[in-house]
Each structure stands twice: as C-alpha cells, then as structure tokens.
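Enquirer: Chains as they are written, first to last, in my numbering: chain A, 27 to 622; chain B, 15 to 264.
Think of the hints as simulated: they come from the structure by calculation, not from any bench.
This one's a predicted model, so the numbers in the text were calculated from it and none came from an experiment.
One or more hints might be untrue.
Unchecked claim - To give an idea of the interface, some chain A residues facing chain B are shown, with a C-beta separation under 8 Å as derived from the structure:
| id | residue |
| --- | --- |
| 1 | Arg286 |
| 2 | Gln292 |
| 3 | Thr299 |
| 4 | Val537 |
| 5 | Ile546 |
We put the beta carbon where it would ideally sit given N, CA and C, even for glycine.
One-letter residues, chain by chain:
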Amino acid sequence: MLNKLALSGIKHRIRDYSVLFSGLMIASAIFYMFMSLATNKSFLNSNSPAAATSFIFGFGIVLLAIITIVYVNYANTFLLSMRQKEYGMFMMLGAKSSKISRMIFVETFAIGAISTVIGAFIGVVATSFVSRWIINALDMQVKHFNSFYLPALLWTLVFFVIIFMFSAIRNSISLRRSKVLTLLNRDSQPVKIKRNGVLKSIQAFLGLILLAIGYFSMYYVGANPVFIYLGVPLALVTIVAGTYLTINSFVTAVILMLKRNTKYSQRGLNNFTLSQLSFRINDYTKILSMVSIMFALALGAITVGLGFNNQIDNVINGQNYYDVQVTNPDAAQQKRLKSLNSEKKDTYNYKTLGKKVYYRASEFKNQPLGYSSMNTQTMASKTQTTTEPAKNEGARYELMGTRLPDQRTMEAEFLSDSAYQALNAKETTTVLVKTNSFKNNLATIKSISKAEAKRYPALKTQASDKYEAYTLINGLFSGLEFMGFFLGIAFLAMLASCLMFKILSGANGDVKRYNMLYKIGTRQKVLRQTINKEIAVLFAVPAVLGVVHVLIGLQMFSKILYRPYANIEIPFIIFIVLYLGYYFLTRYLYKKIVLK
Amino acid sequence: MQKIVEVQNVEKIYGKAGEKQFKALSDVNFEVKPGEFVGIMGASGSGKTTLLNILSTLDTPTSGQVEIAGQDITKLNNNQMADFRANKIGFIFQDFNLLENLTAYENIALPLALQNKATKAIKPAVMSIAEKLGLTDILNHYPTELSGGQKQRVAAARALVHEPSIVFGDEPTGALDSKSARALLDTLTKINREDDVSILLVTHDPFSASFCDRILFIKDGEIGQELKKDDSSRSEYYQEILDSLGTFAE
C-alpha cells in the first residue's frame, strides 16, 4: 500500500522528477563521454606524444568524479526536499521508520540506476555526435576513437552504482534520524542570518590577496617553465581559496552596498532580488567557487586546444618557406603549379658530382632564396630571403630540404656561371613556390605533393615539403585540440548543470515567496523579471571570475604556444553560447516550478 | 453614499460543464460602506475563502458582479488585477506571509516600492505606520527574530502602508496566542475608527468576529444571516454571535 502511495506521489510530481531525471542523465552521459576518451589508451597514445596527456586525463577523471559526486549530492537533496513532507506524513500516519527508510533507499537507488543506464546510452550517442562535429569543424585527423567503448561504459555504470548506493544509504539514514515534525515542517524552518561586517571585510581582503598570489604564480610559471611543479599546485590552491573568499565576502559586500543605496533598492522588487541574492550567496559560495574554477578549466581547455590549432600555421611556416617543391617538373606538374596563386616562384638548377651538389650563385642573385626560422624562445616563426645562401646556414638548410632525399646529405657549393657551365654532370631543376595562402591552396598543394611522391618513390617515406610537415603537425595538434575541446565541453556541461540543480533545488522553498508577491499585487511580468535577474547574477558571478582566471592563466602557456591570446574570441564565444543555453534552461525550469 | 465593496449575484462553480460540478458560492449579495469593519463567518468549506479570493481578484466568479472602490473587478485583465491588488487592497494572512529574507522595514516598504513610489516618500510612510502599530523598535529585525504577534503586526503594517481602499484579513488571528490576537484586533479597531480604513475580516473565531461592526454568516455558499453590533458592547455582541452560530448551524 505504502509503495503504491509513494509511486502515486512520484506521478503527481512528474515535472519535478523529469528535471531530476534529466539532470542525472546528463551527468552520466557526460561521465561516459569523458571516460570514452580517458580510458581509451590507444587513442591517447596515438594522438599525443607527451607523457603529460595521461596525467592530464588522470587529473581530469579525479576532478570530474568529484564534481559528479557533488552533483549527485545536489540532485539528491533536491529529491529529498520533494519527498520528505510526504514521507513525514506516512510516518505520522504510523508507518515504521525502517519501512520508510527502505522505501527511500529503493527510490533513490532506482532513480539512480534508471537514469544512469539511459544517460550512458545518451552518452554513446552524444559522443559520436560531438566527436564528429568537432572533427569536421576543425578539419582534424583523429585516430582510434570510437563512440562506443566498453571499458568506459563499465566504468560509468560502476561509478554511478557506487555513488547512488552511498546516497541511498545516506538518504535513508538521514530520514530515519529526523523527527516526524521536522520533516513535515521543513519548508518553514527559519533561515539563519549571519551579519558580521568585520569578518567579511577581512575575508574580502584575504581573498583578493590569495587571488593575486595565484595569478602571479601562473604568470611566473609562464616565464620560468622550471617552476611548473611548484607554481601550478600553488596557483591551484590559492586561486580556489581566493575565489571562495572573494565570492563569499566581496559579492555580499557589493549586494549590501546596492541595498544601502535606497534609490536603487527601493524601486520595484530590487530589494527583494538583492535579498534573495545575498541569502543565496551565503548558501551558494561553495558551488559558485567550484563553478568558477571549473569554468576556468573548461574554457582554458578549449582555448588552449584552439591555440594548438592556430599553432599549425605558425609551426609549418617555421619548417618550410616554400609551400611546394617540384623536381624536374613534367607537364602535369607544370599545369598544377600554374593553378596555384603564387606569391614567389623560384627555379634553381644544380648539378651533382661525387659527394657534392653545385648551384649557380647568380640564380640566387636574381631570385633571392626564401628561408624560414623559428625562435624557440617566443615560438614565433620568421621568414627571410637571402641572395647569398653560401653564407647563411638557415638558407642552406632550407635548400637542402628541397633536394631529393639521396642528395640531401651532400655538401652544397655555389659556383660562378662559368665554373658551373664547365661542370660536366647531370643537371636537375627545382621549382619552389610560395603561395599567397597555404590553407587556401591546400587542395592543389596536396595533389602536387602526392604526384611528386609518385614520381620519386623515395619521397614517400622521406618527404620534406611543407605538406608533409602539415600532415604531421595537424595530426599531432588535432589530437591535443580534440582533447581540449572534449574536456572543455564535458566540464562545461557538468558545471552548468551543477549550478542549475543547485538553483532548482531551492525553487520549492521559493514558491511561497513568489505566491505572496503575486497576492500583494506584483505583475507576472515583474516576477519573471526578478527571477531572470536573480539567476543571471548567479550565473554571471562564476563566469566573470572564471574568465579572469583564464585570461591570466593563459600566461602559463606563453612559452609553449605562439601568441596564446590570438583568436581568443572564438573559444570564448563558443563557450559563452553554451553557457547561456544553460542559463535560459535554468530560468525556464525555475519559473515552471515557482510560478503557477 | 458610495460603497467600497458591492457584490451582486455572485456565483462560483468549480468543475467544467458536463463534469461533476461543485457550487462554492451561489447568489451572494452584500456591500461594505467606507469605514466599516465587516466580518464574514462560516464553518470550514462554507465558501469563505472562495469569496475572499474573488474579492481580492485572485479568483474570478463564474457569474455576477463585484465592484470595489467603484471599479468592476471581474472585468480586469491580469496586469490590471495585479495593479489593483497593489494599489487598492491590503492583505493580512493567517500565516503572516512575510518575506523572511527582508527586514521588517523592508517588508513594510515592499508595496510602496512595487508602486515605484519616490524613495523620499517611502521612509515617512513606513515610519508613520510603524509608529501607529508600535513597531519602531523592531524595524531592523528579520521575521525569524520576531514573535508571532510582532510578525502579524508587521504584516498589518504592510497591508496598511499604501493606504488601500480596503484591508482583507484571512483569519489574521488564527496563528496567534490569545494575548497577541487581542492586541492585533485592538489595533485593527483603532485604525478602523481613527483612520476610517474599511476592513473585511474572514474568520470562524467568534472572539475575532466580536470586534466587527457587522457580521455576515455564510453557509454552503450562501449568505444566510446578518448580525449588527449597533450599540451593544463587545461582550454582549460576542454572546449574540455565539447564539446566532448555535441557531445558524442547524
């Protein structure tokens, strides 16, 4: 009978439960998505040469696990807040508390199990969708990646079963411990008010100092990479603590200041919104700081991932000055060369004799040789030209790469016209073209490179043209970029749904307040506006802090990435759009619960 | 003389046509004159709350007319209803309905802020009503720091601060101890006498009702009987109410 009653209770609140279910499904879907990358060793090894990758992912798993636990915890509180009154009523009617705690155990566990299974399935679908999207959008080469990966699925199921087991036990114990009356009247339990100005100002001060230390250490790590093993943990600790204190005190102080400004606060529902916020901030400090750190990590991952993509051009330009190189072009290659948008086209002849190759010095006088170099300090590539390659090591190196593989180790000499003519040896012609844009001419460049490899089979394994450099680097960086994107989106989805849940779990307590405001004559539109404002602030506070963290945190990459701040608006826009989506969803669901 | 409230042939039926219907109010007619203190008494399920909800524009009648301060409130749209409640009506609820995250002062100021009154005008209005209700010392307290009686007086101040045409009380003493209940009723009476505020009280408590000038008894959705205080003392009136309740219930 009681089971039947409990079930009908669920049916009654199907909307609230659908929020709960979808949230939990999102959690397990994201967890699966992440695990499908993180547990796939062959993917990680083939896409990243760095040993750091498995460390990064290990770190990611721990972080995601912690967030998931926090998340399920919030979801659980939400569940309990919906159910306790009903269970209290059953107890009042004489149901034994052991029976009730068994019921809540079964309910929590069943909800967890169902949502995990469905969520994991959604995860498989979403993984294939997201990975295809990322790969297509960024023209990547990703190997060994499968959207369905059994170990990841098993990990997800085991992990969720364990945490739901714990929350089911916790729920049943907490229900058994609380008195019937507390359960029945939980809604009307007073909220404690804390007012301590001095402590708050000390906190604000301390918070800003800790943030400054964290920011400085990130900056310092960027300039002195050796410092990384001390600097990164130091930054992590100080920034987490600093964020917490700043949100707890600084934001409260701002709200208080606005409240004191009666011109602002005593207009419409401003005062109500401010009070809601200051009460919320007290309650939300932990989640808001967590969200802002997560926000920074996720946005940072995407930004750095895209940074690697921007890197591709820079690195390949540092490898080769010329986009294509053709040895003794035949008619077909000539035709292809013509279709390129050339910026500089140079033709050099050379003769090979014994262990040496001989160039005509005058050809370089007429067509200066282009060569590129890379500054390993700033990661910036530079292109130059020279008329005297004999005296220039960079130019000689560039020239070496333009020859066929078996002539590369030969020493080059630059002869006068007469000396060159006097040489009795076979002559080879090399045509080098620099186009106006490597990316725009990529298709033709690719066909020329493939044709060359066909004509000179040695090039198949020892190609040294720009296209070869491009495939190598694109493959390498795509993997890193893919991980960055995937990590970023998974984290974002998780943190935003965490925040959403926290806000929604408080919604039940707000129903009465909004109902009262409605009764004393507040227009629906005004009520909706105040809800929008309130939720916007709760989303904006961690976002603003997170953005600042990222902007400063990018300093850490100043030695690894060339211009880490270039094109930064792209990841930011992608991120903000997704985050805004969550804001609108939360706001919609919240209104559904609060406004009847 | 103009009437503050005029209710004509009001009927309220719950349930759609064709389904099982329930008539909560049938052919209700009455009026409240300016400065009157009127009580509506009835047992649970008699239709008191439905009537109050209709009077306060939270619900609409199935048929009939309700005029408050010369305005037909059954013909208002949602926004107009909200504005009407904000401007013309004061509410005192049984469970206070204060916002626990605002101080007493802020709670009282809320209706004025909602009307976007100038900041300069808000403070004197709040202070004057607070003084009248003896709340000056507790204005900076949060509701959780107040006793039930104090909370209800704050709620009363909030209902009165914007000088509404009429104050509706829905069992305002229901959650109070006898001393606080008495104090609140004395305050309401004083405000009614001195400031000419019209009050309509819904209650099933004869003691609360004995503070009214006139009582309408409602039973099964119909107004059955009316009892006027006229010149009788409060205790005599209380006895009369008990007597009528005894006969009315049969």
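Enquirer: Could you tell me which of the hints above the structure violates, numbers in ascending order?
Expert: Violated: hints 1, 3, 4.
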